[in-house]
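Those sequence lines, one after another, are chains V and A. Using my numbering, you'd call the opening residue of the first sequence number 6 and step up by one each time. Using my numbering, you'd call the opening residue of the second sequence number 834 and step up by one each time.
You may find that some hints are simply not true.
[Said to hold, decoys possible] Lysine-lysine pairs mimicking DSS-like chemistry, simulated, CA-CA at most 30 Å apart:
#1 V:96 - A:1092
#2 V:96 - A:1069
#3 A:856 - A:1093
#4 A:856 - A:1069
#5 A:845 - A:1088
#6 A:1027 - V:59
Don't read these hints as lab results, they were simulated from the structure.
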Amino acid sequence: MEIIISNSNGIPIYEQIKNQLKNKILNNELKEGELLPSIRSLARDLKCSVITTKNAYEELEKEGFVITVPAKGIYVATINKDLVKERQLTKIEELLKEVLILAKTCDIKQKDIIEILEILSKEDIND
Amino acid sequence: MTNALEIKNVNKKYSDFELRNVKFTLPKGMIMGLIGSNGAGKTTIIKSILNIINYTGNIKIFDLDIKEKEDEIKEEIGVVLDDMFFPEILTPNDIDNSMKYIFKNWDSKLFNSYLTKFSLNINNPIKTFSKGMRKKLEIATALSHHPKLLILDEPTSGLDPVVRSEILDIFRDFIQNDECSILFSTHITTDLEKIADYITFINDGQIVFTKTCDELLNQYGIVKCMEKEFQKIDKKDYLKYQKNKYDYEILIENKKDFKKKYSIEVIDKITLDDLMVLMIKGEK
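Looking at chain A on its own, in the form it has when it is part of the complex (with noise of 0.2 Å):
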């Protein structure tokens, strides 16, 4: 088994949106970060891959599909979605103590160790814990079972710099194991700058593409220029530009090749947010 995560050809269709074609692969041992404009199909992939709800096409979890193994597959992989499905009143100890009959590997002593680590209180109800109080409790309920797989709907979004920080550094402890792997939606791409291995960018229910990090931090790149230079490029040597009041934003997909082609001095290094919004808002 090379893939931790294989989806191929998922459709979904509401009345609305739709989910078309998607694909993408996560190798083992990968993190892989999930971006895309709010309402892009990023939750409804996360909740196909969950098999919460209905999809037509292949989704494949350590090489067994969801639809016919899914207790099997369950008890391997940590889930965190968006929004908090504890009952407000039952407390860390209560969760331990239910978990126990949910997952056979359920870990009582890691969990309390993340408790620890976390300063969360075992015995306080969880209404009266913050927004980031919830978030490490859902994740450390998520990692408490000793799963392969890590999916995660946003799951550092709304906390501060500093926790967040602290949720990237167990991620980072968790792929310590090469079995292990993590799927994460987020809009908070400075964290996946920081983490990521590969990023998928979905948008409007399609997939525009999945590439590693590197690749799109090290060659891609952002020329500004001015209109008279703009018009002497190549259509096919840019992916998409924006007209802005004083210059040009064009997106590019290597800065070295551009650099051999076009004598323009200005070519910065892209962010994941430039590139989200360059891909969604620019013109070809």
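Extracted from the complex, chain V is given alone in its bound form (with noise of 0.2 Å):
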């Protein structure tokens, strides 16, 4: 497995971690059951503080892609894919709708919006 922490991007460590967590449970790098590394190993592998891959663990069991067993460790939970899809998708539609209402207070037309989005969705888009 592999986690890239960026120190400088200004995206909290546990939010860096966690995401990559999360997409590699999304695209099933990381399996159902699979055993995930201890909260101490992985900071000790990451080179960050204990507390940082706490946070990161708890907010993933929070929004349900692990389930801790005490006493034997964290596991990817059992998650329904299609409904984590679809809330996604429902997150995105807010987001849209707020840039449409701002679009239309400056008056920019759709087509610009939809060549932003390609010109950004060529970029590299770092999580």
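Need the complex rebuilt from these two chains, each delivered in its own frame; the hints are there to steer you.
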């Protein structure tokens, strides 16, 4: 498994860990029921503090991506991928609505927005 | 037991310096960094914890009072102080031989494995060792009786980045066991940013705060702006500010909240160094 942490992109480290693990779970690189590294070993290997990895796992647990089995470890939870996708779509819809509202206020055309989106998707999106 | 170390209302008075109501707690399994400028009281706190100096107040290690159970507690802690305390004519082998009689749990095999790891020759006298080698020897000694708490005064100062990163790796290995905790004081705050769970900041003999390192690095920020923007900022929305020749630097507690309230462009991430400087030198 590979996790890449940037110290300069301004995103808190726990969030970077969380997002990357989440992606790996969603695209099946990490499979249901798979044992994840412990809070302490992940902190050691990523060279960050224990509280950072603990936060990352706690948030993943809250969002239902992992489960902690006391005295055993942290496992990838059984997740309903369609449901997750559905939720993401709703979120995208909401964000796009905001974009449209903003565009309307200063008379920016839909075609321009689509163009921006195309340019952005060609660039590397760093999460 | 949930705390490795609990310090309450510790006071110590010297003729020209005093510790006032020092209070903080180190939860078990965590690493805490003690920061502050020279003479702020870091070493005095560490010496109080070790019961080397007299103090008033209450210090508990693993729930036991250090004044009552000193021998018992010292079996369980490993210590590295700023100054080397081994006579220079001794060799690591001599240290191994004497520590056997001092600590019940002294582990010669473990000690030797650290020496190998650090490439320290067991039969060379300490006087032939460089500063980095001496520090490594002290750390190897502190770790070789299977302590549960490491107390370190400036363990990485004066060492090159490569050695420092090796030492940090050893600390990381040490806390893989969630019973084990570390308290260390340092000026090299970048080391702490990579490893500490909690930061305790001490200034002029008093604790300024204990906070998680994540909270400090993720939420705190430095706003840089011009005078007319600075004047619009409510006093309660910042901790300290510093007026420079070309700009104002303002230390804020929460970047997100600040952004919501003010439209100031430049809000930088802080480093622990920035934080220390602004907390000490800044005005309110």
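Going down the list of hints, with the structure as the test:
In summary, the hint linking residue 96 (chain V) to residue 1092 (chain A) is supported, as the alpha carbons are separated by about 23 Å, within the 30 Å threshold. Annotation: proposed proximity of residue 96 (chain V) to residue 1069 (chain A) is violated, straight-line Cα distance about 35 Å (limit 30 Å). Taken as a hint, the residue 856 (chain A) and residue 1093 (chain A) pair is broken in the structure, with Cα atoms around 34 Å apart against an allowance of 30 Å. A threshold of 30 Å between alpha carbons decides the hint, and for residue 856 (chain A) with residue 1069 (chain A) the separation of about 25 Å falls inside it, so the pair holds.
The hinted pair formed by residue 845 (chain A) and residue 1088 (chain A) fails the criterion: a straight-line CA distance of about 37 Å is larger than 30 Å. Between residue 1027 (chain A) and residue 59 (chain V) the alpha-carbon distance is near 15 Å, which keeps this suggested pair within the 30 Å criterion.
Taken one by one, the earlier hints fail for this structure at numbers 2, 3 and 5, listed in ascending order.
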